[in-house]
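Participant: Here is what each chain is made of, one letter per residue.
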Amino acid sequence: MKDLIAKAKNQAQQAELYQITVTETPVRYENNKLKSVDASSRQINALRIVKDGKLGFATSTGDNLHPLLDMAMTNAQYGRDWDLPLPGAAPLPQVELTHPSTELDLDTQVEMGDKLVRQVRECHPDLLASARVSTRQTTTRLLNSQGFAGEYSKRTFTILGSIELTEGKNFLSLYSGYMSGKLEDQLDKTIADLVKKFEHGRNNVPVKSGKYTVIFSPSGLGDIVNPLLACANGLAVEKGFSPWKDKLGEKLFSEQVSLYDDATIPFAPVSCLFDGEGIPAQSTAIIDKGVVNSFILNMVTAKALGLESTGNGFRGSNGELSAPDNSNVVLDIAETQPLEEMLSSVEQGIIIHSLMGAWAGNPYGGQVNGNIDLGFLIEDGRIKGRIKDCMVSVNVFEAFNNQILGASTEKEWAWNMLAPHLMLRDIAINAKG
Amino acid sequence: MKDKLQALVSNKAADYLEIRIEESAVTSLRFRGPILEAVNTSLQYGGCIRALVNGGWGFITFNDVNDLDKKVAQAIHQAKLVGAAGADSKLAPVPVVEDVVHVPFLEDPRQVSLAEKVELFDSYNDIILSYGKQIVSSSINYFDKYSKIYFANSEGTYILQHKLDLAGNIAAMASDGSTTQMGRVGFGSSIDFGVARNLDAKVREACGKAINLLAAPSVRGGEYTVIVDPDLAGIFAHEAFGHLSESDFVYENPQLQAVMKLGTKFGGDFLNIYDSGLTAGARGYLKYDDEGVATEKTDLIKEGVLVGRLHTRETAAKMGERPTGNARALDYSFAPICRMRTTCIAPGEASLEDMLAGVKLGLYAKGSYGGETNGEMFTFSADEGYMIRDGKLAELVRDVNLTGNVFTTLGNIDMVGKDFTTRESAGGCGKGGQVPLPTSEWAPHMRIQNVLIGGK
Numbered sequence: 089m090k091d092l093i094a095k096a097k098n099q100a101q102q103a104e105l106y107q108i109t110v111t112e113t114p115v116r117y118e119n120n121k122l123k124s125v126d127a128s129s130r131q132i133n134a135l136r137i138v139k140d141g142k143l144g145f146a147t148s149t150g151d152n153l154h155p156l157l158d159m160a161m162t163n164a165q166y167g168r169d170w171d172l173p174l175p176g177a178a179p180l181p182q183v184e185l186t187h188p189s190t191e192l193d194l195d196t197q198v199e200m201g202d203k204l205v206r207q208v209r210e211c212h213p214d215l216l217a218s219a220r221v222s223t224r225q226t227t228t229r230l231l232n233s234q235g236f237a238g239e240y241s242k243r244t245f246t247i248l249g250s251i252e253l254t255e256g257k258n259f260l261s262l263y264s265g266y267m268s269g270k271l272e273d274q275l276d277k278t279i280a281d282l283v284k285k286f287e288h289g290r291n292n293v294p295v296k297s298g299k300y301t302v303i304f305s306p307s308g309l310g311d312i313v314n315p316l317l318a319c320a321n322g323l324a325v326e327k328g329f330s331p332w333k334d335k336l337g338e339k340l341f342s343e344q345v346s347l348y349d350d351a352t353i354p355f356a357p358v359s360c361l362f363d364g365e366g367i368p369a370q371s372t373a374i375i376d377k378g379v380v381n382s383f384i385l386n387m388v389t390a391k392a393l394g395l396e397s398t399g400n401g402f403r404g405s406n407g408e409l410s411a412p413d414n415s416n417v418v419l420d421i422a423e424t425q426p427l428e429e430m431l432s433s434v435e436q437g438i439i440i441h442s443l444m445g446a447w448a449g450n451p452y453g454g455q456v457n458g459n460i461d462l463g464f465l466i467e468d469g470r471i472k473g474r475i476k477d478c479m480v481s482v483n484v485f486e487a488f489n490n491q492i493l494g495a496s497t498e499k500e501w502a503w504n505m506l507a508p509h510l511m512l513r514d515i516a517i518n519a520k521g
Numbered sequence: 013m014k015d016k017l018q019a020l021v022s023n024k025a026a027d028y029l030e031i032r033i034e035e036s037a038v039t040s041l042r043f044r045g046p047i048l049e050a051v052n053t054s055l056q057y058g059g060c061i062r063a064l065v066n067g068g069w070g071f072i073t074f075n076d077v078n079d080l081d082k083k084v085a086q087a088i089h090q091a092k093l094v095g096a097a098g099a100d101s102k103l104a105p106v107p108v109v110e111d112v113v114h115v116p117f118l119e120d121p122r123q124v125s126l127a128e129k130v131e132l133f134d135s136y137n138d139i140i141l142s143y144g145k146q147i148v149s150s151s152i153n154y155f156d157k158y159s160k161i162y163f164a165n166s167e168g169t170y171i172l173q174h175k176l177d178l179a180g181n182i183a184a185m186a187s188d189g190s191t192t193q194m195g196r197v198g199f200g201s202s203i204d205f206g207v208a209r210n211l212d213a214k215v216r217e218a219c220g221k222a223i224n225l226l227a228a229p230s231v232r233g234g235e236y237t238v239i240v241d242p243d244l245a246g247i248f249a250h251e252a253f254g255h256l257s258e259s260d261f262v263y264e265n266p267q268l269q270a271v272m273k274l275g276t277k278f279g280g281d282f283l284n285i286y287d288s289g290l291t292a293g294a295r296g297y298l299k300y301d302d303e304g305v306a307t308e309k310t311d312l313i314k315e316g317v318l319v320g321r322l323h324t325r326e327t328a329a330k331m332g333e334r335p336t337g338n339a340r341a342l343d344y345s346f347a348p349i350c351r352m353r354t355t356c357i358a359p360g361e362a363s364l365e366d367m368l369a370g371v372k373l374g375l376y377a378k379g380s381y382g383g384e385t386n387g388e389m390f391t392f393s394a395d396e397g398y399m400i401r402d403g404k405l406a407e408l409v410r411d412v413n414l415t416g417n418v419f420t421t422l423g424n425i426d427m428v429g430k431d432f433t434t435r436e437s438a439g440g441c442g443k444g445g446q447v448p449l450p451t452s453e454w455a456p457h458m459r460i461q462n463v464l465i466g467g468k
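Protein sequence lines, in the order shown, are assigned to chains A and B. Heads up: the first sequence begins at 89 in our numbering, then just goes up one per residue. Heads up: the second sequence begins at 13 in our numbering, then just goes up one per residue.
The hints are simulated quantities; they were obtained by calculation from the structure and are not laboratory data. Careful: at least some of the hints might be erroneous.
Claimed, not checked - Below 35 Å or equal to it, Euclidean Cα-Cα: the simulated DSBU-like pairs (lysine-lysine) are:
#1 K443/B / K270/A
#2 K277/B / K139/A
#3 K257/A / K277/B
#4 K277/B / K16/B
So here's chain B without its partners, still in its complex pose (with noise of 0.2 Å):
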């Protein structure tokens, strides 16, 4: 495959080609209620090519991996009729690498028979199933994905990356017959079958959940002291920090570019932000994004302060600065742009009766439903709530959806915790079409004052 790809993206008229061919096989499989809904294996083989040539950019993928050289040609067609018209990218210089890389397992799906992975979460759909009248349904999906990615790039870089991404989600499904509520448990990891396993409490504690929930009410809408907890912190940190930090939203833009000043302080000296894509581990872990550029830990705000932020080699060669290594490609089908990997909060000092005390009225928000952002305002949706009153947790409550300005928020976050926490879930990141994206947050519990929460 090496020589055959190196050929093939070598001595043609283009100031930059690139080659990325990828081959994997998906298992996935699917309960809803008592039946095993689907059972799916699917074989994906396709690749792309993209050329640069006068600073622009022409792509094309394709399944049909023949009449490579005609592809090669096509998409420095496409690419030439960009650059006659004015376009001006162009390409930060990265390290020549050659490597192969292999997925260092702990347990390799591959290995567990099709019969024992339904037999496993047939046992969690029974807990749900069995656990009491008020449970009326269940929903539980996983995959895993194996993946060989060849890459090749004009510049003689040439990877085989071998990639693992496995999830799933696993809900239980209450009713009171005028509401439906949900309690659920999610996991995923790129190294490890075994994050499946040993599930059974946390089922129990989701099916719990879910019809506690039936009985809470909505909580009313307002301004509140609100302690998220490390579930809704990582998501903050994505929605509400990660995407702006993307240099693709940036680059071109000069009047944002002097809001995201590195050095502008954002936050308490007690705030960390960094995205690493070293994470082993994390569905967000990554050796190699799909440039061919080897990955880092990139600080993102220290000590409330901005400074770095996530580049493509296109981003970085505009802004004068260095590839992070953050061009992703959800696969074959389309090209990198700039994404997250494993975006954390580092932890602060804080316990959480720190947090909770002084708390006159404020909410507890817990477990991400998922979130949004729109660069200057985020939101997100809890699993549940707790009322805090007098320092105290209180009643539970439900519809937990919060909103806020990403920098007014950045600076309102006054209390960071010392639980930092590791967590996966079956979600992925959607941007320009790209989703779901395996990316990975982690984070502490965190206080943040004066967040808008919806409702009546």
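With the rest of the complex left out, here is chain A (with noise of 0.2 Å):
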């Protein structure tokens, strides 16, 4: 890696090599059975230099480091201006990122994807159980001309389980898991998780069109909350299709709500010591008690907004130029209850677990309309069944404004998103019939 930027020093102004090795060990059950057990190990390598004032790129896999240098420069003539220097060296915050507790053999990983499936499938004699549990193990090296050489490892863990249950032309498809840096009783959970929503869902109840209380568990509020950091990302706001751009310090929503992305917390499954810039790795707070207090900035868009970045120069799988992107991202909602007592305060609503299609939309309207993909209705505190054929428009605008009802005070992770359950008072639910 040194000869390499050395070498790209010669010929450009600056240089930055970013590496990343990856191996994971997935262990897949399908349909009740072991289906396979693999194996996959990556590494990745980008080029990045400044030659002429002008920004040069090229990725390969592998050892095959060679020809980085030449097709970066080739690249430079068309490259967009920099004129940044890269970050030297700097101290790197202190972040927990892999415990002993997920260094798991091969023999563990079967057991508890058996042990997963061999419990859902108590609930039923027809349904279909899948899983998966792996272990992966990254290392991410990065080293610039400028005197920043940063390295670390992580490990993560995923248990994901599925259950499948047809009956005539009713499907019910359920999913749980969480990914981690530390492994406590997720497996325990993901199965109760299971449990509970396949006997919440094993009957469908009609439900007709009009505004509800709505309830969004955690792994739902994902839909809800992607428009709000759409408009955060500083590639939106630095092109000016986010609505946000001239908001900085407006409050736009609840005092109730704050919404950080934090890079920084013990084991979480994005947290990391740098981003994919060198940038350390921070804790960001995107709106804070209602007001929008950050951008999620890389770079270069920080410096088109005159602004500092955020750390949050993420790459993707095959080591892109760094965008903006979220790592975890935390909800705070100001008042809570416990949960058993927000669903038990429900005289009629529905509480929903998944949205189909959700996604689709322009996420700069702020409008979210999705199949309900996994929801219950809620009749006096108490879940009566599945509802079915139905979709649920929220403009989160608003909802973050002037619909919040309340939230739980448990939090949950939802992959790389901790929040609450959060109750909407109002909400849209269009029907057949």
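Bring the two chains, given one by one in their own frames, into a single complex with the hints.
Facilitator: Have a look at this one:
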């Protein structure tokens, strides 16, 4: 790596080599049986250079570093103007990334998958259970001509369980899972969650179109939070299509609402020591008590906006040029109550665990329309059954401003987002018939 | 390469063994607003080995193509472990093939200089950015990927496939300060850079569309008679029916097999749906799938009746049916799974006027923003919609998201257009973490009764 940087420095003013190696061993159960044991090992290299004030870039796989410099030099003829100094050596934050509990051998992974499949199958003789138990070891290295030389390794595990039950033309498909750098009780929680959803989803109940009190569980909240993240993204702000572009410091939402991006949470899925450009990991309040407080920025979008990078210059899975992206997302709602209390307070409402197709809309308008993939009707504080063939429509900007009825004290990880259950009032549901 | 790969997979302690080595070069460009933000060249080289022992699969993937013997041994070791746990995977027989497949180029993107590519997309960017003051930004993505894929298995098949996949998306963003709307042009091909040329008129049209949508109201939610344009009808074929035809969803689910029994009537006599690998030029074109099986045109629904489904060798063996060449892997880092190629609704006899006639209140939905399915229900988003009032197209509406039950909706299609349209886009299909896989969707206009539209 050092040789390449040294060589690049002879031909260009600045150079940076980003390298990531990933090894992963997924164990897959499919339709109640162990299906496959896999192993993957990958290495991605990405060279960024600045030549005569222009950016050049190229990537390769494996140990094929040799052609990168020539390719990047060619591309620099057309590259964007670049007058930013790459970051030099800097102290990195202490972030706990990997807990010894995630060191799982193959037999343990097989046993975990087996336990999941065995236990959820007890729900019903005809259901098909699938599972994936995987550990992933990642080493990230970044070296540049300005003196930054960073490296960190992290290991995460993933547990993913699913249930399929087909009865005539009625399909029930359920998913649950976790990704984390620390193995605690996630296997048991995944099993319990699947079993609970299965019990609630066994019977379908009719639902009429109208306005409802709707509770979004943490896994159902992703699509609802997405427009906020899209509007805060530095690229959308820089290019002028984020409606928040001149709203920094304005209160757009209820003061109950705070939203953070935090790459320093111990053992969280996307925690790191530095981003894909060598900027130290940090915590950023995107929304602070209802006020738009910060955008999510990498070096180049920060520069264009006259701001500092928030350490969100992440690279894609193939080492692509950094783009502003979220690390771990935390949603905080100020006033909370225990989940059970919240549920039992609902006279008539709906709880949504998963939406389908809601990502497909235009996030900058704040309108989210999705088919309710998994949702249950609540009456007099009790779950009555599953609702189907219906859509939910939320204007997220309005919802986070004046439709919040409550949030649960308990928070759960849904992949890279830590969030409570969120209860909203007067949410439109459109149903067949 | 041939001798080396064949020696690796021959005479080993496995019931079946295959190796795939892939060498790819990717060029990509990205404009955001006036700036050419990224020009990237990427060289990718890697491989994978899949072993079947006593019904169990072992799969390994790697960039380091040294010590392949050791990797074969590791895949076999993993497969044994799974086989010992009672797995029962097996493969349907297929002909042994030796072949070298070349790309039948119309225009090879590798012969087009980077300078010319930059200039071409810059010219589209200029059209967008000089269109008018409500256009606030642009977003242009382009890539071409040229791959050489070597495949050998323990049955004696050896195939070298040269493949091209190229695609792009040119988007104009309009804003009025409170909302941002988009108009887009997509293109794609497996043989021709020419599809990226001569798009000026379409790019202008996209700009106009983005601006018009700013003033359009959101569609009012409810049930409507909906006419979908060929773009959306194609997405319907893919999301609403194509995924359900993928046999890995069905092959170990007896309850679903009863629902998806061949011979079952799902739609009107005018409804014909097929999936084909033979569509040269389409992004969904492929001569052989990633199990070395020759592709074909597979009829799924004929005159409203279910007549076929999409198979890998494993799903075909389990169901006692014939492999159809639908085992596809995104690249060397994935094992093949059951996927679509080019999914089509065959032309019917109706014109757009026929479809509009008699619709008192309905919606004409145009352009696809993408879709999703969970098997039973599907949803997809349109770029724009026009209300239909008393048989005539009326005002423009936005935020059009359609949803429905697959089975009910197939039965609710009451007209299929005669204007069958081939269409390519920069999107791709996602399944099992393998995204975006190049697929194509071709269809005519189509009319569906009682479609649920989301909205206030």
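Participant: CA of K257/A to CA of K277/B, is that 35 Å or under?
Facilitator: holds, 14 Å
Participant: Is the hinted pair K277/B and K16/B satisfied, with a Cα-Cα distance of at most 35 Å?
Facilitator: violated, 50 Å
Participant: Under the criterion that the straight-line Cα-Cα distance not exceed 35 Å, is the pair K443/B, K270/A satisfied?
Facilitator: holds, 28 Å
Participant: Next pair to validate is K277/B with K139/A; report whether the Cα-Cα distance is within 35 Å.
Facilitator: The hint is violated at about 64 Å.
Taken one by one, the earlier hints fail for this structure at numbers 2, 4, listed in ascending order.
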